[in-house]
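Visitor: Protein sequences appear in the order of chains A and B.
The C-terminal position of the first sequence is numbered 233 in our numbering, with every residue numbered one higher than the one before it.
The C-terminal position of the second sequence is numbered 267 in our numbering, with every residue numbered one higher than the one before it.
The set of hints was computed from the structure by calculation and includes no laboratory data.
Do not take every clue at face value.
Calculated lysine-lysine pairs in the DSS-like style (CA-CA distance at most 30 Å, straight line) [stated by the list, open to error]:
1) A:49 - B:89
2) A:223 - B:242
3) B:128 - A:165
4) B:255 - B:238
5) B:120 - A:157
6) B:242 - A:157
7) A:224 - B:238
8) B:49 - B:254
9) A:16 - B:242
10) B:238 - A:20
11) B:120 - A:91
12) B:242 - A:224
13) B:128 - B:41
14) B:242 - B:161
Quick list of simulated restraints, FRET-style, between CB atoms [what the hints assert, rightly or not]:
15) A:205 - B:25: 23 to 33 Å
16) B:81 - A:216: 37 to 47 Å
17) B:37 - A:12: 48 to 58 Å
18) A:205 - B:183: 46 to 56 Å
Okay, the calculated bits of chain A under chain B, using three or more residues with CB under 8 Å as the criterion [said to hold, decoys possible]:
19) 86–93
20) 191–200
Each residue gets a CB set at the ideal place from its N, CA and C atoms; glycine is no exception.
Here is how the chains run, residue by residue.
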Amino acid sequence: MTIKRPDGRKPNELRKMVAKVGIIPNADGSALFAFGDTIAIAAVYGPRKLHPQHMQDPATSVLRCNYDLLSFSVEDRKKPGPSRRSSEISKVAGWALEPVIDLEAFPNTVIDVQIYILQADAGTRTAGINAASMALAHAGIPMKDLVCSLAVGKLDKDFVVDLTKEEEDFEEGEGATDFALAKLANSDEFSLLQLDGKIRPNEVTEILVLASEACREIYEVQKKALKEAVVQQ
Amino acid sequence: MEISNVTKEYMARLFSEGKRFDGRGLFDLRDIEISLDVSNKAEGSARVKIGKTEVIVGVKLGIDTPYPDSPDKGNLMCTGELLPLASPKFESGPPGFRAIELGRLIDRAIRESGMVDLSKLVIKEGEKVWVIYVDIYPINDDGNLIDAASIGAVIALKNAKMPALDENNIIDYSSRKGSLPLSKETFPIAFSFYKLGDAIILDPTREEEEACETRITFGISKWNKHYMINSCQKAGEKILTKEELAKIMEILPKKFDEVNEKLKKLI
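Assemble the whole structure, with the sequences as input and the hints as a guide.
Guide: This is the structure:
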């Protein structure tokens, strides 16, 4: 039996995406990315000199990524400041972005990526990575590809893309599964894989294919927003 | 000490030929040893050795208010602390990322597998519930701490006994009886695959772990007779291809069975 999605979407249908580039004038690069009611903004500062000096690496730039929720972005106010959850997501988001960036072009420097969530309805890390990927490109940092990210989930036994909070809390049958993925837009290479829930080992390939197809749509939205930003300038 | 580039390159070359410094195959695990009841103050505890890596896991029970979003469930808290005792690389102070990640990975593997029935840990709905604390302490880090900790956590939970409650709902630690509300069949084991160049290995020594560029950890269990992946996390700045992930999916259930058989013999 197929379970109907609460908002009537098809299993492989993403929420309405919004992408905007250049939203923070102070930053070297910035972007907004939204999946439906989940809105993420990202700013990139750098490459700039890394301080303290002993942390500098003469071989490469250092990518520093920070993710957090604004306190009012969730139902129960989130206490401001880093948590165990946000420090883990900061780290995995950095790992998701790093494979596309030519860090060796900027020795002794740091590239700071700041990701904040204005409004959370599940999929915040994936929206944040999409925004950050655009912000890095907007900052003019040499990249070999864009990174596209989304969550694949399960409603009982059916795979669906881009879960809402309501779907994430689904508890019937095999319960909720949330599989956050990021891939390089133009290759079958994955830079983020993070899962909670229940997935059979032989289902993983099917999920990767489903994610890849959805990532193509995300990529188009990202590219369009970046092109618009160039035209404006 | 950081691993030198020469060692790393040599190791990568060996891996590409399917060999390792200690003579193991790429997916061979080191010997596992297990002992129980490390501390009699803990409700349950276990010591796990994988090769020279040693981890102690203790389970304590306490009472607390439930989380607002789950008034009808007890709490589970897994914490990892990387004691400076266990490695020249660990420093005292507030938990760093590795310690946070260790606790969170074990937490997710256990929670999502459904091994612990949290709904049976309610004392008074919405007000008072049992909290299960699973605390992980590496004693000697020679690589693969996460996988060792997952085995330790599962065995310590199975080893644990519920403390008694007196008439005022205060815990009486002096008398313990009955196990925790655990599933009879389902329990998770974590497997961390490490990648160097194009080669993938399991159960790295610390030297191998330091040389590798990418890690992906899976928590896997058996649920209603099906293998289930309950948690997954990629770490490190490189990518994994679709083909590599497909290969890992073939190996994962076999390794789960292999370790499961070993554990049955050890306990």
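Visitor: Are the Cα positions of residue 128 of chain B and residue 165 of chain A separated by 30 Å at most?
Guide: Answer holds: residue 128 of chain B to residue 165 of chain A is near 27 Å, not above 30 Å.
Visitor: Given as covered by chain B, does the region 86–93 of chain A meet the bar of three residues or more with CB within less than 8 Å?
Guide: Since 4 is at least three, the answer is holds.
Visitor: How does the Cβ-Cβ distance of residue 205 of chain A and residue 25 of chain B compare with 23 to 33 Å: does it lie in that range?
Guide: holds (25 Å)
Visitor: Given the hinted pair residue 255 of chain B and residue 238 of chain B, is their alpha-carbon gap at most 30 Å?
Guide: holds (24 Å)
Visitor: Does the structure keep residue 120 of chain B and residue 91 of chain A at a Cα separation of 30 Å or less?
Guide: Status violated; Cα separation ~35 Å.
Visitor: Given the proposed pairing of residue 242 of chain B with residue 224 of chain A, does the C-alpha separation stay at or below 30 Å?
Guide: This hinted pair holds, its Cα atoms lying about 27 Å apart.
Visitor: Is residue 49 of chain A within 30 Å of residue 89 of chain B, Cα to Cα?
Guide: Judged against 30 Å, a Cα distance of about 27 Å means the pair holds.
Visitor: Would you check the hint for residue 242 of chain B and residue 157 of chain A, treating anything up to 30 Å between C-alpha atoms as holding?
Guide: Satisfied, since the Cα-Cα distance of roughly 22 Å is no more than 30 Å.
Visitor: Is 48 to 58 Å a correct range for the gap between the Cβ atoms of residue 37 of chain B and residue 12 of chain A?
Guide: Roughly 52 Å apart at Cβ, these two residues keep to the hinted range, so it holds.
Visitor: Look at the Cβ atoms of residue 81 of chain B and residue 216 of chain A and judge whether their distance stays inside 37 to 47 Å.
Guide: Holds, since residue 81 of chain B and residue 216 of chain A (Cβ atoms, about 44 Å apart) stay within the stated range.
Visitor: Compare the distance between the alpha carbons of residue 128 of chain B and residue 41 of chain B with 30 Å, and conclude whether the hinted pair is satisfied.
Guide: holds (23 Å)
Visitor: Does residue 16 of chain A pair with residue 242 of chain B here, judged by a C-alpha cut-off of 30 Å?
Guide: Measuring from Cα to Cα gives roughly 27 Å; hence the hint holds.
Violated hints, listed in ascending order, are 11, 14, 18; each of the other numbered hints is respected by the structure.
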